[in-house]
Amino acid sequence: MTLWNTAPWLVWCIVLPLSAGILTFLFRRAAPWIGIASALGSAIAVAGLAAQVMHSGPLRYSVGGWGVPLGIDLRADGLSVLMLVMSAVIAVAVSVYAACYFSDTDAADKHAAQAHQRAYFWPLWMFLLAGLNGLFLAADIFHLYVTLELLGFAAVSLAALAGKRAAVVAAMRYLLVSLSGSLFFLFGVAILYAAYATVDLTALAGKVQPGPLAWSALALMAAGLLIKGAVFPLHFWLPPAHANAPTPVSALLSALVVKASFYILLRLWFELFSAVVTPATATFLGLLGAGAILWGSAQALHQPRLKLLVAYSTVAQLGYLMLVFPLTQNAGSALTAWSACVYFVLAHACAKTAMFLAAGNIAHAAGHDRIADLDGITQALPLSVAAFALAGISLIGLPPSGGFIAKWMLLQAAIGSGEWGWATLILAGSLLAVAYVLRVLWHAFTQVEVARPLHRVPRTMEWSALALSLLAVLLGLMAARPVELLRTGAPASIHAPGQT
Amino acid sequence: MTLEPYLLYALAGVGLFAIGLYALIARTHLLRKILALNVMGTGVFLFLVAIAYRSEPVADPVPQAMVLTGIVVSVCATGLALALAHRVQTTTGRMVLPENDESGA
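Chains as they are written, first to last, in the numbering used here: chain R, 34 to 533; chain Z, 2 to 106.
Where hints are given, some of them may not hold.
Said to hold, decoys possible - Estimated spans, in silico, between C-beta atoms of each pair:
| hint | chain 1 | residue 1 | chain 2 | residue 2 | range |
| --- | --- | --- | --- | --- | --- |
| 1 | R | A331 | Z | L83 | 33 to 39 Å |
| 2 | R | G454 | Z | H87 | 31 to 37 Å |
| 3 | Z | S56 | R | A331 | 30 to 36 Å |
| 4 | Z | A13 | R | S307 | 28 to 34 Å |
| 5 | R | G451 | Z | C77 | 46 to 52 Å |
| 6 | Z | L83 | R | L246 | 31 to 37 Å |
| 7 | R | P245 | Z | Y10 | 47 to 53 Å |
| 8 | R | F60 | Z | A66 | 48 to 54 Å |
| 9 | R | G239 | Z | E57 | 23 to 29 Å |
| 10 | Z | A13 | R | I448 | 50 to 56 Å |
| 11 | R | V44 | Z | V76 | 51 to 57 Å |
| 12 | Z | L8 | R | I55 | 43 to 49 Å |
| 13 | R | T39 | Z | A66 | 42 to 48 Å |
| 14 | Z | A66 | R | I448 | 36 to 42 Å |
Source of the hints: derived by calculation from the structure; they are not laboratory data. This structure is a prediction, so every number in the text was calculated from the model and none was measured. Don't be surprised by glycine CBs; every beta carbon is placed ideally from N, CA and C.
With the hints as constraints, model all of the structure from the sequences given.
As structure tokens, then:
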């Protein structure tokens with residue numbers, strides 16, 4: 034029992050996928066098994082870490098015992114644990130799906146690049162997971178920059194994996210955007226170091242004061258993160274990159290990678306710059322979110338291809354996350370809005386992974402993903418269409434899904450602080466989501482007399498999509514524990530006066 | 002007020018960053034875009050080295066360590082970008098990103 038409580042789980046969360054990345058590169062035949070084992074192993078490490086944090090509050094760990102300022106520190110609080118749990122769950126489901134997807138010889142796209150994809154998917158995915166876990170555990174802003182770059186490289190390479198013209202072009206654009214975003218972020222880091230001579234998040238938190246240096250650092254870092262996080266109107270690179278990647282990759286990019294930038298933005302906004310931010314900047318970010326919700330949903334409605342529709346839905350859903358900034362301006366509802374947006378991240382991750390996997394199954398079976406030609410697909414793939422519909426329920430925000438709880442808390446925060454504009458926007462976004470989800474289901478449920486020839490979809494692929502979509506729906510029923518965990522180490526700036 | 006030497010270097014770093022950013026947006030050729038990113042990166046590195054130069058009598062090692070890490074990252078980034086640019090050239094026949102290539106396949 035003592036081992037469970039004192040083991041350095043934080044380190045295992047990073048070391049396991051990192052070594053699996055090397056092993057899967059060396060032993061290609063065993064790669065799927067190593068990948069699944071490492072995903073399960075890091076899930077166990079995350080569970081151990083979650084138990085530690087729930088038991089004894091936020092943790093800090095000096096790698097190699099060096100400590101600040103020489104060494105690298107890792108830290109875990111409620112927010113990072115929740116993000117780690119999210120990535121662990123998605124990692125296990127996607128690894129199982131991918132093992133089947135890449136080994137299926139009957140695959141829809143019998144491309145010459147198939148074997149090549151199989152060989153490179155596992156190492157890249159393991160490095161992506163290591164970068165992601167490292168990012169969620171980073172205790173200083175320079176470490177955040179490095180993990181952000183690791184994550185970006187793995188993500189870009191994965192997006193290019195399909196090797197087709199559209200995928201390569203999308204990946205190139207993604208790389209340029211990602212690199213310039215990181216350089217903006219690094220410039221912000223440099224300015225903060227110039228002004229306060231430290232990069233440690235906790236040490237900086239008390240030091241940053243309003244002034245030209247802090248403002249320029251905030252502007253540079255926020256700009257970098259907004260472009261990497263595909264926030265409207267900087268989202269242009271996301272739909273082609275996500276839609277042209279192999280299915281498991283699309284799911285990972287949409288569910289996890291864009292969330293990393295948002296996570297950093299949350300940390301910076303509420304911990305580092307809480308004394309610097311003004312209501313005007315918060316409203317500005319909220320308006321970007323509003324643009325994302327409306328524009329992304331409207332584009333989703335017009336897309337001819339299923340995977341592009343799902344990708345545009347990601348643009349729209351990311352818009353909701355931006356609403357946390359204006360809604361936390363009112364001290365009374367700050368905690369609600371903050372919890373709502375983190376819960377939204379979790380619910381969206383599950384629902385969007387399930388939706389991409391289901392869309393991938395449908396495309397795999399039909400050999401294409403043109404929405405208008407999907408009639409009769411329900412007869413052939415009832416499980417995948419069910420997964421798509423359940424994920425849609427969470428994206429729309431119908432009870433009892435995780436999306437419902439998140440939107441409910443957002444609405445509570447909006448109405449509680451008398452912000453009727455934001456409340457209307459949240460509801461309008463839901464209506465648009467109903468429209469684009471139903472558009473797909475409308476075609477999918479059309480009966481056909483003569484069934485089209487369809488490819489067989491392995492059971493495992495259907496079930497992993499369904500399992501995640503069920504989780505997305507059931508997330509609404511177990512909201513109490515995560516919301517409570519979130520308060521562990523929550524930044525002081527979101528606590529209402531009198532609440533601690 | 003005299004211009005301290007470190008400030009001169011720091012401002013030069015800001016200038017390089019701005020020039021790189023301009024070229025990244027304005028140039029279409031992929032090699033130029035990759036070079037532009039390198040210029041932007043160099044700007045940030047110069048800025049960091051200038052900060053390190055401030056402390057007396059020896060330079061502050063922390064920003065220098067950051068620059069070292071940054072250079073490693075930047076080399077990897079350039080390698081990946083060149084490989085991808087090469088693939089873009091072989092698949093599209095040109096060294097520029099096509100406009101409106103969203104729908105793809």
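Here is how each hint holds up against the structure:
1. Look at R:A331 against Z:L83: about 37 Å separates their beta carbons, and that is inside 33 to 39 Å.
2. Distance hint check: the CB atoms of R:G454 and Z:H87 are about 49 Å apart, inconsistent with the given range 31 to 37 Å.
3. Checking the proposed 30 to 36 Å range against Z:S56 and R:A331 shows it is violated: the Cβ atoms sit about 54 Å from each other.
4. Look at Z:A13 against R:S307: about 33 Å separates their beta carbons, and that is inside 28 to 34 Å.
5. At about 50 Å, the CB distance of R:G451 to Z:C77 agrees with the hint of 46 to 52 Å.
6. The hinted range of 31 to 37 Å is satisfied by Z:L83 and R:L246, whose Cβ atoms lie roughly 35 Å apart.
7. The hinted range of 47 to 53 Å is not satisfied by R:P245 and Z:Y10, whose Cβ atoms lie roughly 19 Å apart.
8. Here the CB-CB span from R:F60 to Z:A66 is close to 35 Å, at odds with the stated 48 to 54 Å.
9. In this structure, R:G239 and Z:E57 meet the distance hint of 23 to 29 Å, their C-beta atoms being roughly 26 Å apart.
10. In this structure the hint that Z:A13 and R:I448 lie 50 to 56 Å apart at CB holds, the actual value being about 52 Å.
11. Taken as a hint, the range 51 to 57 Å is violated for the pair R:V44 and Z:V76, whose Cβ atoms sit roughly 27 Å apart.
12. A C-beta distance of roughly 45 Å is found between Z:L8 and R:I55, which places it inside the suggested range of 43 to 49 Å.
13. Separated by about 31 Å at the C-beta atoms, R:T39 and Z:A66 break the suggested range of 42 to 48 Å.
14. As the Cβ distance of Z:A66 to R:I448 is approximately 49 Å, the hint placing it in 36 to 42 Å is violated.
Of the numbered hints given earlier, the model fails hints 2, 3, 7, 8, 11, 13 and 14; all others are met.
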